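J.: Quick mapping for you: the protein sequence lines, in order, are chains A and B. For what it's worth, the working numbering labels the leading residue of the first sequence as 1, then goes sequentially. For what it's worth, the working numbering labels the leading residue of the second sequence as 1, then goes sequentially.
In short, the hints are calculated from the structure, not lab data. It should be emphasised that the depicted structure is a prediction, and the values quoted were computed from it without experimental measurement. Cβ coordinates follow ideal geometry from the N, Cα and C atoms, glycine included. Be careful, since some hints might not be right.
Unchecked claim - Reference listing, derived: stretches of chain A covered by chain B, where coverage requires no fewer than 3 residues with Cβ under 8 Å from a Cβ of chain B:
# : region
1 : 39-45
2 : 152-163
3 : 281-294
2 protein chains.
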Amino acid sequence: MISVEDARARILAGLEPTGGEVVGLAEAAGRVLAEDIRARLTHPPHDVSAMDGYAIRAADPQPRRVIGAAPAGHPFAGEVGPGEAVRLFTGSVVPAGADTVVLQEDTDRSGDEITIRETIRPGQHIRRAGQDFRAGDVMVPARSWLNPRRIGLIAAANHAWVPVHRRPVVAILATGDEIVLPGEPVGHGGIVSSNAHALAALVRACGGEAMVLPIAGDSIDAIAAAAHSARHADILVTTGGASVGDHDLVAPALATLGMQLDFWKIAMRPGKPLMHGMVGAVPLIGLPGNPVSSYLCAVLFLKPAIERLLGLPGAAPQSVPARLVSDLAANDKRADHLRCRLHVEPDGSLRAEPFSKQDSGMLSALARADGVIQRAPYAPAATAGDVVPVLRFDALGG
Amino acid sequence: MISVEDARARILAGLEPTGGEVVGLAEAAGRVLAEDIRARLTHPPHDVSAMDGYAIRAADPQPRRVIGAAPAGHPFAGEVGPGEAVRLFTGSVVPAGADTVVLQEDTDRSGDEITIRETIRPGQHIRRAGQDFRAGDVMVPARSWLNPRRIGLIAAANHAWVPVHRRPVVAILATGDEIVLPGEPVGHGGIVSSNAHALAALVRACGGEAMVLPIAGDSIDAIAAAAHSARHADILVTTGGASVGDHDLVAPALATLGMQLDFWKIAMRPGKPLMHGMVGAVPLIGLPGNPVSSYLCAVLFLKPAIERLLGLPGAAPQSVPARLVSDLAANDKRADHLRCRLHVEPDGSLRAEPFSKQDSGMLSALARADGVIQRAPYAPAATAGDVVPVLRFDALGG
Chain A
1 MISVEDARAR ILAGLEPTGG EVVGLAEAAG RVLAEDIRAR LTHPPHDVSA MDGYAIRAAD
61 PQPRRVIGAA PAGHPFAGEV GPGEAVRLFT GSVVPAGADT VVLQEDTDRS GDEITIRETI
121 RPGQHIRRAG QDFRAGDVMV PARSWLNPRR IGLIAAANHA WVPVHRRPVV AILATGDEIV
181 LPGEPVGHGG IVSSNAHALA ALVRACGGEA MVLPIAGDSI DAIAAAAHSA RHADILVTTG
241 GASVGDHDLV APALATLGMQ LDFWKIAMRP GKPLMHGMVG AVPLIGLPGN PVSSYLCAVL
301 FLKPAIERLL GLPGAAPQSV PARLVSDLAA NDKRADHLRC RLHVEPDGSL RAEPFSKQDS
361 GMLSALARAD GVIQRAPYAP AATAGDVVPV LRFDALGG
Chain B
1 MISVEDARAR ILAGLEPTGG EVVGLAEAAG RVLAEDIRAR LTHPPHDVSA MDGYAIRAAD
61 PQPRRVIGAA PAGHPFAGEV GPGEAVRLFT GSVVPAGADT VVLQEDTDRS GDEITIRETI
121 RPGQHIRRAG QDFRAGDVMV PARSWLNPRR IGLIAAANHA WVPVHRRPVV AILATGDEIV
181 LPGEPVGHGG IVSSNAHALA ALVRACGGEA MVLPIAGDSI DAIAAAAHSA RHADILVTTG
241 GASVGDHDLV APALATLGMQ LDFWKIAMRP GKPLMHGMVG AVPLIGLPGN PVSSYLCAVL
301 FLKPAIERLL GLPGAAPQSV PARLVSDLAA NDKRADHLRC RLHVEPDGSL RAEPFSKQDS
361 GMLSALARAD GVIQRAPYAP AATAGDVVPV LRFDALGG
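So here's chain A without its partners, still in its complex pose (with noise of 0.2 Å):
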């Protein structure tokens, strides 16, 4: 059994980053830049006024005589010349000959004079040409995930179109005879399909596209047809099967593909039975089929290589510090990940209360749980009010 930071390093060495695809401006969200994006403009393009006011000569004795208007997008064609002044509006170019904008509400106006009433500072007020950004400027930098500040920056950055990284595609196997698709009929002793569509939606939240393939029965012509029509995805994820009863037929199906097998059990609590290899150029990822090994195994190993594929690292998930409200018994070899509660202090520390069972097959617990908590292996035994590493949920795609 190897452990989990080899496990996930053995995984992601095998990964390469997908190609880029171009997409619309407002498609990029929640994708990764494939390349830097540099601005095409000068943001301010121009010296502009930051408020509502006046472009003036700061030297000027009062009054000043207003020669005319400039409001955004329709700069002042003439230029300010002694003792004047031209109205300017948040974003409106400073005129030629001017040096400082005074604000509106600190002026008089009569007719066309104005008398500043309060003390000004010469330059106040104005935006200076690419105090924002110049062209040329990276603006976003690859391997950045586009969020919508980002893509705000893009758009002022004047591009419509943006290079990303293709989403990964994930294609996803459930085996077994006993399982039937989310509102099917059930037989005797079958149960519905659940792992594969919590999946797909932690795939999708992940960046990567799933491809829920076709349930295979217990067969390996069946798993083996299943995996082949796989062939183009950048990962095949399967779940269930891969355990040591004899009808745990996922790997002597993926065998007859001439999967090259890496590894197949992990020193993880809940998880044991996860296999990694390569199916032709296909990288596998065999996950147990209980719900709860399931959904942490794809936190822990998937995620990543999604990341990785995406042209990211690809990093182990980040924990955080919380305090236990319960005692925990000394750990065993495995590294444990114990489903809990997490609340929140005042302070804005977390305490963290694990679930009294903690069975992999409770898929209701695990919905419920708003993480969990890492017990490294032969991790001594804690007493409430320890500080523990804890996987939050919320911030892990859910």
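Got chain A sorted already, so can you dock chain B onto it with the hints?
T.: Positioned in the frame of chain A, the structure of chain B alone reads:
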């Protein structure tokens, strides 16, 4: 000028949740559930084996005779009598007569006979019928965000269709003679429309549907026509043109459509000119034109509004505590929002480093920020090391 809290309460008060629509389970992630989802079956449906092993009667003497096997999905038809055993796999139905499962690896098998090498606990390794959930149980309550784990649970409860709140349609109107769409030629004094596209991405990240209207120039007719075209939207959001200058035409344009103005100034920086009212049956949120103000007001007011429309309470974005890296001056009467970098300490606590420049025209600085330090009206001066509330952008849709 009203407070941020009053403004939010007044915006939320006018909003009614959208109706339900039915979507396929595969499309339900990221939506808000409109009705309780109840289990259509009991899980496990019967007592099932938690492990690979043998179903036995605990009280019987050794050895036991294996009379059959029951792979998952193929329950054993007979009964386990005295001295008998049936081979089971994880998830197999425990056959009638048996009361205990013994692990395969804890047995020695010779032909048809098994001998158990370890002490057994009667009833061990059986997942009881209904241990996860029972038919009729509420699996996911109405008004829950659907994350991958809940999608899995809904699948397990045997639902292929999910009733969710319709995504609220948020019409976004950028106004101004000086702005052009991204990628288009930019004239002298012109700038590229960025707010509308950042807002659209934020709306989508919050669960809404963004409808970006064509840019309206600085004319009452153009703005009124654009607003009229949004008469079936759930919210109309304008950006720019909401200040007090002669060329701020949004309010007069909407007045021609009979807008009932609620308020148009809030005690907040950046973002003072925030407008709220009703344009016919459509709630209006008039955002400031500069990009930092526009985005922050969207996070503080539009995000909760979308949540309210999705059937959720629509609370203020949750702040987290962070320790100041540098001193802050006392605040004036307006709630302030200082863009900052956040650093995570090894103990999980945050340090907040305010940017030295807080110009609300600096979109590039907003994109680089990790969040904003919230400064209440009249907050006293703060020194490095003090704890202040921070809104983390990564917890707010980016």
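J.: Evaluate each hint against the coordinates.
T.: Taking the hints in turn, this is what the structure says about them:
{"no.": "1", "hint": "39-45", "verdict": "holds (count 4)"}
{"no.": "2", "hint": "152-163", "verdict": "holds (count 10)"}
{"no.": "3", "hint": "281-294", "verdict": "holds (count 3)"}
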